[in-house]
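Asks: For this one, chain L is given, so just place chain F on it according to the hints.
Protein chains in written order, with the UniProt record's numbering: chain L, 1 to 145; chain F, 1 to 141.
Hints may be right or wrong, so weigh each one.
The calculated SDA-like cross-link candidates involving lysine to any residue, where the alpha carbons are at most 25 Å apart (straight line), are [as the list claims (entries may be wrong)]:
{"hint": "1", "chain 1": "F", "residue 1": "K116", "chain 2": "F", "residue 2": "G76"}
{"hint": "2", "chain 1": "F", "residue 1": "K49", "chain 2": "L", "residue 2": "G85"}
{"hint": "3", "chain 1": "L", "residue 1": "K46", "chain 2": "F", "residue 2": "D73"}
{"hint": "4", "chain 1": "F", "residue 1": "K49", "chain 2": "L", "residue 2": "K46"}
{"hint": "5", "chain 1": "L", "residue 1": "K135", "chain 2": "L", "residue 2": "G69"}
Simulated from the structure, these hints should not be mistaken for laboratory data.
Please read these numbers as outputs of a predicted model, since none were measured by experiment.
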Amino acid sequence: MALNRDFIGRTFPPSQPYEVSRVKIREFADAIGDQNPVYRDQEAAKAAGHPDVIAPPTFPIVVSLVDNGLADPGLGLDYAMVVHGEQRFEYTRPLRAGDVIVSTGTITEIRSIGKNEKLVLETEIRTVEGELVCKSYNTIVERGV
Amino acid sequence: MAATVKYADVEVGTELPLRSFPVDRANLVQYAGASGDFNPIHWRESVAKAVGLPDVIAHGMYTMAQGGRFVTDWVGDPGAVVDYGVRFSSPVVVPDEGGATLEISGRVEEKLDDNKVVVALTARSADQKVLTRAKAVVRLA
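For reference, chain L alone in the conformation it holds in the complex:
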């Protein structure tokens, strides 16, 4: 189904603040099978120059997809038909335990590719103090039938 073009350029309200915890980072690192000590051990993280354990590079997906507005019924997205097309992160610094972050998503592109609909969501992930930590560029494809 065609997505609502009125959503191009729309910025959604910021997410609720999300506190990045050591436990969540470790759980995520376990789930991707990554045993790197900078994700688990504060001393190892400090030895590597970080104030606390850091999160793996793909961890921001956990927060970029919370309350991101794509569930707005006005957009007309059928989640059952969605596949992930592309993903990119630009990092100012790694996310780390203790960060309290807010993500704000903007739909920058919607267009048809054959029977499919392509949508690009850019998300800024900032600390509650306003520091930009990471930008996420998420391209999803709604498969047409």
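Replies: For chain F alone, kept in the frame of chain L given last:
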């Protein structure tokens, strides 16, 4: 700190040796829980087939995470990654029995200023390229 690979020691064309990453259904269930992505195409064969997929497929982000791990293990410090992007070109099909294998290799594609290099990744599963345009920019020592 703390990249262990030195900028001066790599050239355009430096290879990151191939590694294999097995993936099975238990990995996908665990990743669903940790990431919050509970789309049933990643754990229920009947749902995957009903939407036209050959079988359960891995989360794209799971595959991307393995590529990230491949790069950060090479660099020595995950904090050295300044940019990482991929295109999901083909799904990683994960059968109930035996699972699947991801094979990832890399190559230094470009040297930038400020000790940064672009690493281009190749990721395959069952003879299909599962990632294209997969690139990480990392800051070396």
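Asks: So which of the earlier hints does this model not fit?
Replies: Result: hint 4 breaks, nothing else.
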